[in-house]
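Work out the full structure: start from the sequences and follow the hints.
Chain by chain, the residues run as shown.
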Amino acid sequence: MHASSVVLIVLVLAITVLGFAAANWRRTGTLDHMHEWALGGRNFGTLISWFLIGGDLYTAYTFIAVPALAYGAGPIAFFALPYTIVAYPFGILILTRFWSVARNRGYITAADFVRDRFGDRSLEIVIAITGVISILPYIALQLVGMEVVFRQLGGVFAVGNGEVALAISFILLAAYTYTSGLRAPALIALVKDTLIYITIICAIVAVTHMFGGWSGIFDAAGKALAAKPKPATLLLAQPQYFVYGTLAFGSALALFIYPHSITSILSAKSRVVVQRNMALLPIYSLLLGFLALLGYAALAAGIQVKNPQFAVPALFAQIFPDWFAGVGYAAIVIGALVPAAIMAIGGANLFASNIFQQFSSTRHPGQTGIAKMLTLAICLVALLFVIFIDPQFAIYFQFLGGAWILQTFPAFVLGLYTNWFNPKALLLGWIAGIASGTYMAVQTHYAAAFPLHLFGDGALVGYGPFYALIINLIVVVIATPLFNAARSTRGVDATSAADYA
Amino acid sequence: MKRNAWANILLLIPFVATLFPALYNSLEPRLFGMPFFYWYQLVWTIGSGLVLALYIAIVRGGERDAR
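Protein chains in written order, with the numbering used here: chain A, 1 to 501; chain B, 502 to 568.
Incorrect hints may appear among the rest.
[As the list claims (entries may be wrong)] If you want the footprint, here are the derived chain A segments under chain B, 3+ residues with CB under 8 Å: (1) 77-87; (2) 230-237; (3) 245-253; (4) 269-280; (5) 284-295.
To be clear, the hints were calculated from the coordinates, so they are not data collected in a lab. For clarity, every value in this text was computed on a predicted model and none was experimentally measured. The beta-carbon is built from N, C-alpha and C at its ideal position, and this holds for glycine as well.
So this is what it looks like as structure tokens:
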């Protein structure tokens with residue numbers, strides 16, 4: 001067995017032990033309480049939250065897909081930078097408000113808030129279902145990221161196309177998440193992100209040394225991009241400007257309304273911890289930018305892979321000694337397990353509290369059994385999804401998930417500021433947004449992985465889900481006075497202004 | 502309130518600086534051999550972190566004054 005395989009196995013076993021041990025870490029009460037199991041006791045400070053939220057938002061799939069896009073299509077991949085830059089000034093506004101109202105009223109999901117704000121049960125269910133459906137393909141993509149590493153390693157890992165190794169790691173993940181709840185990914189995130197930072201810093205030092213600085217890398221990468229079947233340069237073409245901007249902006253609006261973001265944000269112990277993290281998390285964006293540049297380094301190093309997702313793992317194999325490549329692979333695999341665990345918890349919370357109302361955590365916080373079982377179920381569905389369905393379908397489905405979750409923006413995000421909207425109008429807007437977003441995605445063949453080919457050459461080509469959100473908002477604004485005039489019964493806002501401060 | 506309104510304007514800076522690639526889609530000037538398009542965006546990751554740190558200082562100062 002290769003040294004890299006041994007290193008990977010040892011590190012994955014080590015974090016598994018850590019995952020189970022996490023059950024007793026910083027324990028403030030019984031684990032049979034939802035706020036303990038699902039939100040780690042709502043008691044994480046600045047540093048732990050930084051690792052947890054960073055480990056949650058910057059997933060293994062991001063770390064595979066962004067350099068893969070740079071390798072395959074050039075500068076468009078760097079939309080990941082404006083995306084993860086503008087997400088934070090937006091996040092600091094909405095998340096501090098949401099954190100406060102959630103703490104004051106004991107919410108664990110966005111749908112909990114929407115229910116109280118608009119007093120409408122069907123709106124609550126719709127928001128919850130959108131969250132669950134968007135999170136499933138996101139978990140599946142983490143598995144796709146792990147599979148890439150297992151196939152790169154070969155040997156025992158490649159048995160059954162990597163699916164045996166995948167199933168084993170995911171069963172371990174489900175087991176310690178069931179036992180320890182959010183504390184497991186929080187503790188593992190400390191290890192994961194340390195490994196990621198070390199790997200990327202070493203890779204950057206190695207490649208800049210290899211090519212005698214950045215100019216060597218960019219020159220060679222520029223030549224390789226020009227020689228692609230669909231040639232690109234080191235700069236954006238002018239028709240790409242609008243896509244670049246709207247893709248970054250639309251993705252940033254969606255980032256913090258995903259259920260897994262909500263889960264990790266609500267585990268912070270105070271409003272200040274949330275604020276400080278918005279200022280500190282861009283350090284991960286810097287890391288992501290350098291990682292994208294590794295896609296260029298792979299081009300410069302002449303790495304030839306059929307599937308661009310293998311570009312960075314293949315680069316690690318070429319530039320690192322075997323054992324250290326194992327550290328890099330472990331960073332990606334563990335990097336998939338952390339967000340997958342948080343996503344499973346976030347999805348389970350929505351199911352338990354908002355879809356099956358009788359298990360609502362705000363009503364029965366002492367009941368974790370259902371949420372724990374649902375976490376296992378969600379992990380299983382994601383695993384079966386990847387094993388039995390073409391991974392390409394998971395990528396399409398995740399693009400759709402991004403379009404759909406963005407349609408909860410008016411009820412959740414604007415709802416944090418105003419209860420002016422009529423809940424029936426919000427439902428109608430949601431339907432319009434989901435329908436138009438899905439239609440546009442199908443029309444453009446979901447090519448989210450390569451937006452370059454996606455949006456065609458028409459005037460003002462942009463990020464489809466963003467257009468869908470605009471349609472959604474227009475419907476909500478027009479329909480609200482109509483429903484009000486029709487004296488449609490509206491629910492009562494259970495929150496008060498003081499809850500948001 | 503006036504103080505927070507100014508702070509909110511501060512939050513627009515990262516949007517304006519990074520969402521319009523026409524502003525920075527250029528090879529020159531290079532930094533350590535890296536084209537402008539790339540290092541400009543990398544610098545803004547830290548730049549926006551600093552903008553947010555300033556925002557927090559102003560908003561929290563405002564909350565203290567209000568007490």
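Within 8 Å of chain B (C-beta), three or more residues of the region 230-237 of chain A: Result for this restraint: holds, n = 3.
Do three or more residues from the region 245-253 of chain A put their C-beta atoms closer than 8 Å to C-beta atoms of chain B? holds (count 3)
Taking a Cβ-Cβ distance under 8 Å as contact, does the region 284-295 of chain A have three or more residues in contact with chain B? It holds, with 5 qualifying residues against the three required.
Proximity test - 8 Å, beta-carbon atoms, the region 269-280 of chain A to chain B, at least three hits: The restraint on the region 269-280 of chain A holds, since 6 of its residues have a Cβ under 8 Å from chain B and three suffice.
Verify this for me: three or more residues of the region 77-87 of chain A with a beta carbon less than 8 Å from a beta carbon of chain B. holds (count 6)
Consistency with the previously given hints is maintained throughout, with no hint failing.
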